[in-house]
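Note that the protein sequences, when read in sequence, are chains F and L.
So in our numbering, spot 87 of the first sequence is number 262, and the numbers just go up one at a time.
So in our numbering, spot 111 of the second sequence is number 203, and the numbers just go up one at a time.
The set of hints was computed from the structure by calculation and includes no laboratory data.
Where hints are given, some of them may not hold.
[Unchecked claim] What follows is a set of in silico ranges between Cβ atoms, one per label pair, in the way DEER data are often shown:
id: 1; chain 1: L; residue 1: G121; chain 2: F; residue 2: M202; range: 46 to 52 angstroms
id: 2; chain 1: L; residue 1: N160; chain 2: F; residue 2: T270; range: 23 to 29 angstroms
id: 3; chain 1: L; residue 1: A106; chain 2: F; residue 2: D231; range: 44 to 50 angstroms
id: 4; chain 1: F; residue 1: T288; chain 2: L; residue 2: L174; range: 24 to 30 angstroms
[Stated by the list, open to error] From the structure, some residues in chain L lie toward chain F, with a derived Cβ separation under 10 angstroms:
id: 5; residue: G200
id: 6; residue: V204
id: 7; residue: P207
[What the hints assert, rightly or not] Calculated cross-link-like contacts (lysine-lysine; reagent style DSBU-like; alpha-carbon spacing at most 30 angstroms):
id: 8; chain 1: L; residue 1: K199; chain 2: F; residue 2: K189
id: 9; chain 1: F; residue 1: K184; chain 2: L; residue 2: K161
id: 10; chain 1: L; residue 1: K199; chain 2: F; residue 2: K184
id: 11; chain 1: L; residue 1: K199; chain 2: L; residue 2: K150
Beta carbons are placed, not taken as given, at the ideal position from N, Cα and C, and that holds for glycine.
Each chain, written out:
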Amino acid sequence: NAGVTQTPKFQVLKTGQSMTLQCAQDMNHEYMSWYRQDPGMGLRLIHYSVGAGITDQGEVPNGYNVSRSTTEDFPLRLLSAAPSQTSVYFCASSTTGGSYEQYFGPGTRLTVT
Amino acid sequence: AQSVAQPEDQVNVAEGNPLTVKCTYSVSGNPYLFWYVQYPNRGLQFLLKYITGDNLVKGSYGFEAEFNKSQTSFHLKKPSALVSDSALYFCAVRDGLYGNNRLAFGKGNQVVVIP
Chain F
176 NAGVTQTPKF
186 QVLKTGQSMT
196 LQCAQDMNHE
206 YMSWYRQDPG
216 MGLRLIHYSV
226 GAGITDQGEV
236 PNGYNVSRST
246 TEDFPLRLLS
256 AAPSQTSVYF
266 CASSTTGGSY
276 EQYFGPGTRL
286 TVT
Chain L
93 AQSVAQPEDQ
103 VNVAEGNPLT
113 VKCTYSVSGN
123 PYLFWYVQYP
133 NRGLQFLLKY
143 ITGDNLVKGS
153 YGFEAEFNKS
163 QTSFHLKKPS
173 ALVSDSALYF
183 CAVRDGLYGN
193 NRLAFGKGNQ
203 VVVIP
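With these hints in hand, go ahead and build the complete structure from the sequences.
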């Protein structure tokens, strides 16, 4: 199993540009989520999904969009990038019952200039 | 809403000494508690969890944590720290009152093990 994969690893955007961060998992997990990590602030939940076709907002959803058309994929879209979105983004997945721990991808480091 | 506090920014410990990383939580229902570790430029790795049962849980790499309901704490411990334990440690909680898997993370503790 590859686990949770994320692409790209690094990205530099100009203010106002849009892009999609990709996330995929091959563990048949129902639950997937996106976090951003900023120094001194821990991880903050952006959006999450409990299954294909179902998404919901987390703690810091503004400026981001998600969809979940398949169990495996959960892309995160930045609609119009702003410098405040400079961060490291992590995708995670887990089952919705049983062990509960989330499995994390390696992260995408995004810089918005 | 659930929340986690990790009161110390950095924990310094000499190699071979006991290591403790503190965590307190707040939830409405029963807590599901987790510890994760992050090495530089890597994703988070699961260390251990408390869902129910014995208050002392053992996890990967010799780490353990003690759940204390009256103090709403879940401190991470290791009897003898190694230099390779130097990393960023996150405590997280899920509120068992709700049916989703939403986790709230603390801000993290940088652990520095001094040779």
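Here is what the structure says about each hint:
Hint check: L:G121 to F:M202, Cβ distance near 27 angstroms, so the stated range 46 to 52 angstroms is violated. L:N160 and F:T270 have their C-beta atoms about 27 angstroms apart, which keeps the hinted 23 to 29 angstroms range intact. As the Cβ distance of L:A106 to F:D231 is approximately 45 angstroms, the hint placing it in 44 to 50 angstroms holds. Judged by the Cβ atoms, the range 24 to 30 angstroms given for F:T288 and L:L174 is violated: they are separated by roughly 40 angstroms.
Against a cut-off of 10 angstroms between C-beta atoms, the interface hint on L:G200 holds, since the closest Cβ of chain F lies about 5 angstroms away. Checking L:V204 against chain F by beta carbon gives a least distance of about 16 angstroms; that is not within 10 angstroms, so the hint is violated. At a threshold of 10 angstroms, the smallest CB-CB gap from L:P207 to chain F is about 26 angstroms, leaving the interface hint violated. Between L:K199 and F:K189, the direct Cα distance comes to roughly 28 angstroms. Compliance with the 30 angstroms bound is thereby established for this hinted pair.
With a C-alpha separation of about 40 angstroms, the suggested pair F:K184 and L:K161 falls outside the 30 angstroms cut-off, and the hint is violated. For the hint linking L:K199 to F:K184, the alpha-carbon distance of about 23 angstroms falls within 30 angstroms, and the restraint holds. Only pairs whose Cα atoms come within 30 angstroms are accepted, and L:K199 paired with L:K150 is accepted, the gap being roughly 23 angstroms.
The structure fails hints 1, 4, 6, 7 and 9 (numbered hints given earlier, in ascending order).
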